[in-house]
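Chain residues, written in single-letter form:
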Amino acid sequence: MAYWRSMSAPTILLNAAAVGRTVRRMAEEIVELFDGTEGLILVGIQRRGVQLAQRIGAVIEQTEGVSVPRGALDITLYRDDLQTVGPRPLVGKTDLPWAIDGKRLVIVDDVLHTGRTIRAALDELADFGRPARIALAVLVDRGGRELPIHADIVGKTVEVPPEGRVDVQVSDLDGVDAVLVNRGSQG
Amino acid sequence: MSAAAIGKDLLGLEHLTPEQITLILDTAVPFKEISERAIKKVPTLRGMTIVNLFFEASTRTRISFEFAEKRLSADTVNVAASGSSVSKGETLVDTARNLEAMKIDMVVIRHQGSGAARFLADRIQSNVINAGDGTHEHPTQGLLDLLTLRERFGTLSGVRVCLCGDVLHSRVARSNLWGLQKLGAEVAVCGPRSLLPNAIDELGVRVFSRIEEAIEWAQALNILRLQLERMQAGYIPSLREYNRVFGVTRERLERAPRDIVIMHPGPMNRGVEIDSDVADGPHSVILDQVTNGVAVRMAVLYLLAGGRPELAEAAKG
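From first to last, the protein sequence lines stand for chains A and B.
Going by the working numbering, the first residue of the first sequence is number 1, and it counts up by one from there.
Going by the working numbering, the first residue of the second sequence is number 1001, and it counts up by one from there.
Careful: at least some of the hints might be erroneous.
[What the hints assert, rightly or not] Here are the simulated SDA-like cross-link-like pairs (lysine to any residue), alpha carbons at most 25 Å apart as the crow flies:
#1 K1008/B <-> T84/A
#2 K1040/B <-> W98/A
#3 K1070/B <-> G1154/B
#4 K1041/B <-> A18/A
#5 K1040/B <-> R79/A
#6 K1032/B <-> A99/A
#7 K1032/B <-> W98/A
#8 K103/A <-> G1154/B
#9 K1040/B <-> P97/A
#10 K93/A <-> L1092/B
#11 K1032/B <-> L82/A
#12 K1032/B <-> Q83/A
#13 K1032/B <-> N182/A
#14 K1032/B <-> A126/A
#15 K1041/B <-> P97/A
#16 K1032/B <-> G175/A
#17 K1008/B <-> L82/A
#18 K1041/B <-> I134/A
#19 K1041/B <-> V158/A
#20 K1041/B <-> V154/A
#21 K1008/B <-> L90/A
#22 K93/A <-> S1073/B
#23 K1032/B <-> G71/A
#24 K1070/B <-> L122/A
#25 K93/A <-> A1057/B
#26 K1032/B <-> F128/A
#27 K93/A <-> G1154/B
#28 K1040/B <-> V66/A
By construction, these hints were calculated from the structure, which means they are not laboratory data.
Using the sequences plus the hints, can you model the full thing?
Structure follows, in structure tokens:
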């Protein structure tokens, strides 16, 4: 991809072992935040949020001995820039086969940046029902918010300038677990 | 992949590439889920105005487009030829330009004249979607047939599909033929010689003159509607005769070497081109076609609408 050429080499923020530890801690914090797993549904944002929700759910199932439903949400059709972005983004699969009314939802995403994805996710979830509570868990919070949105559970916080990139890789899609940071073109 | 990937208008499948057709089909898959939701609506086309301009009678196609538009939150207006200024002698272009002067974004057109959709698309700014033009093409019907077959067989490559009946007058047949061939299916036609195009051999399709041969060969039959006025015009001797020679019946299918997927674009003439036993039988996907029609039309609307980079530039400036 062209953007790499104009950028300095990425540095590793989290390696595979660190991603594993972070995911386990996030799982613990979700159970702690909700004081258990009653009515808990993990909703991953396409695409890497879905993989992370799977991992977190698996950890909770191991430690708590209960099964945790995991859904997938594609927010493309709720984006606020569809009228202006050039290429039509590909639409992914949304899979939320349960009634979410009165449930406790955790939105899981890989990177929290402007907050616009989460705004879209909240709007989309409102069209599915009225959960008792929605929390947000992200692997990386890179700052740069454009909306009043914050995460309840954060794996790692790192300040990255707007021109920089944070790339989360998960083994199911990328063959390896890692978080890479590129701070931009100054190098 | 971008909006430009399928262009400003959808006029037919003949000039689309296999990649463009696949993009539309792939986009339609996630749209199916929206129609399963309690609130069957996403805000994607909020603020867009779409005119459904129907110069020919249509129930299924018009309603299917309207559902697709409404489920994407577009505002829609239906214009039928009867009861509009068209019946006062206004030309197609004048009608469309007047609509455009009221600030619309898209026109879905069904017209009895072959090439009407292109004629319009060349003359107005709005996106134009062909919902059937004369005996030329009906691209969204072709696309929904492709999607239904792809769901059944997992792929279209190498799948043997026979178009049965009035191929000569059928825009559905034409769109199917282009689409199927581009995605690698093997295509045949079967019908009375009087209802097959003269140059059918040049299209690279098999021609069966007996329905029994078609059934022996095919994995799927797309049974075209026999338009009843064809009998008056002398193309076939009688409907009973047609049913006896070319009708798809349970007895004929029972002699087939395999289960055959049964498709029909509707509206059906039960007892003429297709028997009730077959239409309602276990291998009929006729209602799946209808369900897929809404999803395919949503995908086309999504891919054609908006995505205007010049607006992004203006927003930045």
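So, going through the hints one by one against the coordinates:
{"no.": "1", "hint": "K1008/B <-> T84/A", "result": "holds (16 Å)"}
{"no.": "2", "hint": "K1040/B <-> W98/A", "result": "holds (15 Å)"}
{"no.": "3", "hint": "K1070/B <-> G1154/B", "result": "violated (30 Å)"}
{"no.": "4", "hint": "K1041/B <-> A18/A", "result": "violated (41 Å)"}
{"no.": "5", "hint": "K1040/B <-> R79/A", "result": "holds (17 Å)"}
{"no.": "6", "hint": "K1032/B <-> A99/A", "result": "holds (18 Å)"}
{"no.": "7", "hint": "K1032/B <-> W98/A", "result": "holds (17 Å)"}
{"no.": "8", "hint": "K103/A <-> G1154/B", "result": "violated (36 Å)"}
{"no.": "9", "hint": "K1040/B <-> P97/A", "result": "holds (14 Å)"}
{"no.": "10", "hint": "K93/A <-> L1092/B", "result": "violated (40 Å)"}
{"no.": "11", "hint": "K1032/B <-> L82/A", "result": "holds (20 Å)"}
{"no.": "12", "hint": "K1032/B <-> Q83/A", "result": "holds (22 Å)"}
{"no.": "13", "hint": "K1032/B <-> N182/A", "result": "violated (38 Å)"}
{"no.": "14", "hint": "K1032/B <-> A126/A", "result": "holds (19 Å)"}
{"no.": "15", "hint": "K1041/B <-> P97/A", "result": "holds (16 Å)"}
{"no.": "16", "hint": "K1032/B <-> G175/A", "result": "violated (30 Å)"}
{"no.": "17", "hint": "K1008/B <-> L82/A", "result": "holds (16 Å)"}
{"no.": "18", "hint": "K1041/B <-> I134/A", "result": "holds (21 Å)"}
{"no.": "19", "hint": "K1041/B <-> V158/A", "result": "violated (37 Å)"}
{"no.": "20", "hint": "K1041/B <-> V154/A", "result": "violated (32 Å)"}
{"no.": "21", "hint": "K1008/B <-> L90/A", "result": "holds (18 Å)"}
{"no.": "22", "hint": "K93/A <-> S1073/B", "result": "holds (19 Å)"}
{"no.": "23", "hint": "K1032/B <-> G71/A", "result": "holds (17 Å)"}
{"no.": "24", "hint": "K1070/B <-> L122/A", "result": "holds (21 Å)"}
{"no.": "25", "hint": "K93/A <-> A1057/B", "result": "violated (35 Å)"}
{"no.": "26", "hint": "K1032/B <-> F128/A", "result": "holds (16 Å)"}
{"no.": "27", "hint": "K93/A <-> G1154/B", "result": "holds (18 Å)"}
{"no.": "28", "hint": "K1040/B <-> V66/A", "result": "violated (32 Å)"}
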